[in-house]
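So the protein sequences, as listed, match chains A and B. The numbering used here numbers the first residue of the first sequence as 1 and each following residue consecutively. The numbering used here numbers the first residue of the second sequence as 1 and each following residue consecutively.
Hints in this document: simulated from the structure, not taken from any laboratory. Ideal placement from N, C-alpha and C gives every residue a C-beta, glycine not left out. There may be inaccurate statements among the hints.
A few chain B residues that face chain A, going by a derived Cβ cut-off under 10 angstroms, partial list only [as the list claims (entries may be wrong)]:
#1 Ile33
#2 Ser175
#3 Gly183
#4 Leu186
#5 Arg189
#6 Ala191
#7 Arg206
#8 Leu208
#9 Val218
#10 Gly246
#11 Ala287
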Amino acid sequence: MTITNPIPDPHPADDDLALEIADLERRLAAAKAKLTPKHTSLSLTPPPISTTANHFLLLLSDSALPLGSFAFSSGLESYLAHHKSNHHTRTTPSFTSFLPLSISSYASTTLPFALAAYRDPSTENLVRLDDALDATIICTVGRRASVAQGRALLSIWERSLAGALPGEKGDGLKGFSVILKASIAAGREDGEPPPASAHLAPLFGAIGRLAGLSLEQTAYVFMLGHVKALVSAAVRAGMFGPYQAQKTLAGETVQGLINAALAREWETPVEKAGQCVPVMDLWFGRHEVLYSRIFNS
Amino acid sequence: MNSPFPKSSSTPGEGLIVARLLPDGATSGLSAITYQYPLKLITPSRPSETRSALVFLLSYGGGLVGGDTVNLKVDVQAGARLSMVTQGHTKVFKSPSPDILTSQTMRVDIAPDAALCLLPDPVQPFEDSVYEQTQIFRLETGASLCLLDWVTQGRTARGEDWSFVRWVGRNEVWSAPGGTKAGGRLLMRDAAILDSRQYDHQPQMRSLRQSMHAMGVVGTLVLRGPLTETLGEFFLAEFAALPRLGARDFRSDEARTKDEEGLSPLQRWRVQRLAMEKESKLLWSAANVRGCVVVKFGAPAVEHGRVWIGSMLAREGSILQNFGDHALMCVK
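Just chain A, same shape as in the assembly (with noise of 0.2 angstroms):
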């Protein structure tokens, strides 16, 4: 690529258009550098500053995050089965129906672990969350799916992130790790129920805030990543093709549903958590009773 000359053409019959030209040039340098202070903000160069943070959003959001989501689709599964079961005959079965009622869910009985998890990382604080999510999660396909992909998420983390982020974070969660590979290794003879289970939300939440995302990022995402599992389970489970699944997730119903169940929550304390849709729990519980499953939820 050549870079044109500003030095005017020495030919003597263009001598006065030489000039002009030189001035016109001249003049609109000035101008230039006039102008080049207001658009510094416009340079090139990044903005050091929560570059970290935008960078591990995107690696938590992105469906690629080996937590084997695919392979859980929330009852939605066992909700369509019922349905083709005759077993109610009000409704029809319909994505549109099921996913409002899932996001809701979800919300009420999930997110304010994550939220608090967030809100307080320690170790100790962690163990609690944990207990707690794990006595309230009622039927085993829930609390199967909700432990694999915490378990995914912290093996992701010890593995894989927490050796990106500078200075010594993750002491919580490193606590964390080990009381649950004690508990693992310990069995559970006496009957009681393991110290450390590693459900998703409370992980979730931990490691939103390590990787220095906000609270309402990691909300988001944590909430967004229910949905996304759910709209890939619906593809899989034929209701729609890709092009409707991206439609939704772009639409503004996911949106809206997801601010409404952060609003909701935002200030939930986890001892308040609960189910606000009661057929869910019939439905997670029963897809153990479905003749043909594709799915591990």
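We have chain A already, so just place chain B on it with the hints.
Chain B in isolation, oriented as in the chain A frame:
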């Protein structure tokens, strides 16, 4: 003039029940039963059953009026057995405004080898009612609990269908091996938060009624401890034996009749019960949550829910055996 009755220092809605093992070492009795309006507790003066002490949980006027607060403390002492029942649905009347809460709180301590069987009628929240119920059970070593908590859609004859403002039910089971004063560990927390206001201004959320998916009653049965062990196993086994949803029966009518001839009494009962579940569109599930067996069920008609839970408890038989017939009067 001095009143012949002892002065009551308790506040409205407060109550206390203390059940203990009588000196004969076999029967249970009450060493205390006190209550204040609007709570009312009754125990039969000449109990027909001796396997457990019986208390009726009642309220004046047959229900709770907007703003009522009931606070009941129950102490089941070592080795004692207590059954608690109601007389008809616990009605929750409308609140004058959504910020006036009607509430019931029950704190139960169950000592070693003691047992509580709480099989009440369902709560029936009326239109515009605002209700919150908290039940906390602390179980020492070897203590047993059978707890049923269920709620209905309201007065169907008046067209009510989950028409209340808010209904919250919370049940917690704690293990307190070091005694009920020494804290303990939360084993199970089951909470339902049904709030019609969360559906306001959100067209995509439809309504509370629609979120209930045609269920007229939803309930939870919680079992823990040695006296409910066989019952818990029974529910888990029956759940595991449920026919697979979406499976097809390829047998001919003759083959099916022939198969049914060779069935055991339990299997025959199960066939009938499954037919009833299908007919009444009843859904249920059972799971072991940290040593508690938690059974969830829902049915479009309240009476079908009652018949179902009653038939399960009657078939297994250990509630009758351990607490006597009177413990089951609300689920018949």
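Does B/Gly246 pass the interface hint, meaning its C-beta sits closer than 10 angstroms to a C-beta of chain A? Where the cut-off is 10 angstroms and the nearest Cβ of chain A is about 4 angstroms from B/Gly246, the hint holds.
Have a go at the B/Ile33 hint: is there a Cβ in chain A nearer than 10 angstroms to its own Cβ? At about 30 angstroms, which exceeds the 10 angstroms cut-off, the nearest Cβ of chain A leaves the hint on B/Ile33 violated.
Under 10 angstroms is the threshold here; is the Cβ of B/Arg206 close enough to any Cβ of chain A for the hint to stand? holds, 7 angstroms
Regarding the hint that B/Ser175 lies at the interface with chain A, is the smallest CB-CB distance below 10 angstroms? holds, 8 angstroms
So, as I understand it, the hint says B/Ala287 touches chain A; can you test that by seeing if any CB pair is closer than 10 angstroms? Holds, about 5 angstroms.
Holds or violated: the hint that B/Val218 contacts chain A, with Cβ atoms closer than 10 angstroms. Check passed: Cβ of B/Val218 comes within 4 angstroms of chain A, closer than 10 angstroms.
Given B/Leu186 as an interface hint, is its Cβ closer than 10 angstroms to any Cβ of chain A? holds, 5 angstroms
Restraint: B/Ala191 near chain A, CB-CB cut 10 angstroms. Satisfied or not? holds, 3 angstroms
Should the hint that B/Leu208 touches chain A count as held when the rule is a Cβ pair under 10 angstroms? Holds, because the Cβ-Cβ distance from B/Leu208 to chain A comes to roughly 9 angstroms (cut-off 10 angstroms).
Against chain A, is B/Arg189 within 10 angstroms by beta-carbon distance? holds, 5 angstroms
Next item in the hint list is B/Gly183. Is there a CB on chain A closer than 10 angstroms to its CB? Interface hint status for B/Gly183: violated (13 angstroms vs cutoff 10 angstroms).
Checked against the numbered hints above, the structure violates hints 1, 3; every other hint is satisfied.
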